[in-house]
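2 protein chains.
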Amino acid sequence: MARHRQQEEVSGLTPQRRAVLESIRESEAHPTASEVYAAARERLPSISFATVYNSLRYLKEAGLVREISFGDSASRYDRETDRHDHAICTSCGKLVDFDLPQTAELLRIAARKARFKAESVHLTLRGLCPDCRQEP
Amino acid sequence: MARHRQQEEVSGLTPQRRAVLESIRESEAHPTASEVYAAARERLPSISFATVYNSLRYLKEAGLVREISFGDSASRYDRETDRHDHAICTSCGKLVDFDLPQTAELLRIAARKARFKAESVHLTLRGLCPDCRQEP
DNA sequence: AGATTAAATTAGAATTATTCTAATTCCACT
DNA sequence: AGTGGAATTAGAATAATTCTAATTTAATCT
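Chains as they are written, first to last, in the working numbering: chain A, 24 to 159; chain B, 24 to 159.
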């Protein structure tokens, strides 16, 4: 049964990488590298910024973390590994996860159009979040 | 008849903004701010980096230019104003434009899922471009 | 097991990207 | 033409990311 995967223990990580991974996992939001650094520092005060970046790259390549970027100059990191999409509020900047079931289909169509061998699709919605759509 | 719009003349821009806009329009690719700066400098040698950024923001808000960002640290700018999607090659990094007709539909579905008031959707495909799918 | 070398990882330093703010230019209205 | 205020510019500051030399870890050979 495809139960939604819980945070599994990952073994064989260096202390630095573990600190980075746990910092992302404990975060409710989608932290920037800088926010990850601050959080990782609480676990491992000696960690450097460069190591945070190295770890993020490593974890990303290992599929444990995902990088997302919008037009706001700093990349953000996301603990979810299952495929999903993002909505970003143009008023307050809030970032929300959601998943569209039809993306498998979409992947095929997009790949044909672009003449690419598909690996993944990602969809970004811009608009107003529930809070911001109230006040004009 | 909805012919594809050619580069229309835009009047009322400052020389700096015009230089930035023309630099983007003449570029075949999707230049970074830094590349735009280099090109704008050929037209207007006194222009500063900060002004390029200011101009990019202005042009973006005026809808004459679009900002796109992936996980590669520097935002890129796109002359196309008509809505379209992007495919990025995971091997060589090439960026290709394409348009999916079903995105209007998608916008509605995504907005419902995310509970947002929709403004726009954008889709990014990752995979191998025609050149890179040859060599393994 | 201990020494030796290679590979992986770290983090200080450097580079690159972006934003801030004081100075300048441009207008609208005398 | 002169003044006030908004818009725009660009030098300087800050923030984000990458480079590389140093360190640590792991593998290999006595």
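Just so you know, these hints were derived from the structure itself, not from any lab. Treat each hint with caution, since some may be false.
Put simply, identical chains are the same to the list, so a pair is met inside one copy or across any two.
What the hints assert, rightly or not - Here are the simulated EDC-like pairs of lysine to aspartate or glutamate, each with C-alpha atoms no more than 16 angstroms apart in a straight line:
id	residue 1	residue 2
1	K140	E58
2	K140	E65
3	K140	E45
4	K136	E58
5	K136	D122
6	K83	D120
7	K140	D154
8	K83	E103
9	K83	D105
10	K140	E49
11	K136	E90
12	K83	D154
13	K83	E45
14	K117	E142
15	K136	E45
16	K140	E128
17	K83	D101
18	K136	E84
19	K117	E51
20	K117	D95
Bear in mind the structure is a predicted one, so any value in this text is a computation, not a measurement.
A quick look at each hint next to the structure:
no.: 1; hint: K140 to E58; verdict: neither (35 angstroms within a copy, 29 angstroms between copies)
no.: 2; hint: K140 to E65; verdict: neither (42 angstroms within a copy, 38 angstroms between copies)
no.: 3; hint: K140 to E45; verdict: neither (34 angstroms within a copy, 33 angstroms between copies)
no.: 4; hint: K136 to E58; verdict: neither (38 angstroms within a copy, 28 angstroms between copies)
no.: 5; hint: K136 to D122; verdict: between (22 angstroms within a copy, 8 angstroms between copies)
no.: 6; hint: K83 to D120; verdict: neither (18 angstroms within a copy, 25 angstroms between copies)
no.: 7; hint: K140 to D154; verdict: between (39 angstroms within a copy, 10 angstroms between copies)
no.: 8; hint: K83 to E103; verdict: within (11 angstroms within a copy, 31 angstroms between copies)
no.: 9; hint: K83 to D105; verdict: within (13 angstroms within a copy, 32 angstroms between copies)
no.: 10; hint: K140 to E49; verdict: neither (35 angstroms within a copy, 29 angstroms between copies)
no.: 11; hint: K136 to E90; verdict: neither (25 angstroms within a copy, 22 angstroms between copies)
no.: 12; hint: K83 to D154; verdict: neither (32 angstroms within a copy, 25 angstroms between copies)
no.: 13; hint: K83 to E45; verdict: within (14 angstroms within a copy, 37 angstroms between copies)
no.: 14; hint: K117 to E142; verdict: between (27 angstroms within a copy, 15 angstroms between copies)
no.: 15; hint: K136 to E45; verdict: neither (39 angstroms within a copy, 29 angstroms between copies)
no.: 16; hint: K140 to E128; verdict: within (14 angstroms within a copy, 24 angstroms between copies)
no.: 17; hint: K83 to D101; verdict: within (10 angstroms within a copy, 27 angstroms between copies)
no.: 18; hint: K136 to E84; verdict: neither (27 angstroms within a copy, 29 angstroms between copies)
no.: 19; hint: K117 to E51; verdict: within (12 angstroms within a copy, 34 angstroms between copies)
no.: 20; hint: K117 to D95; verdict: within (12 angstroms within a copy, 22 angstroms between copies)
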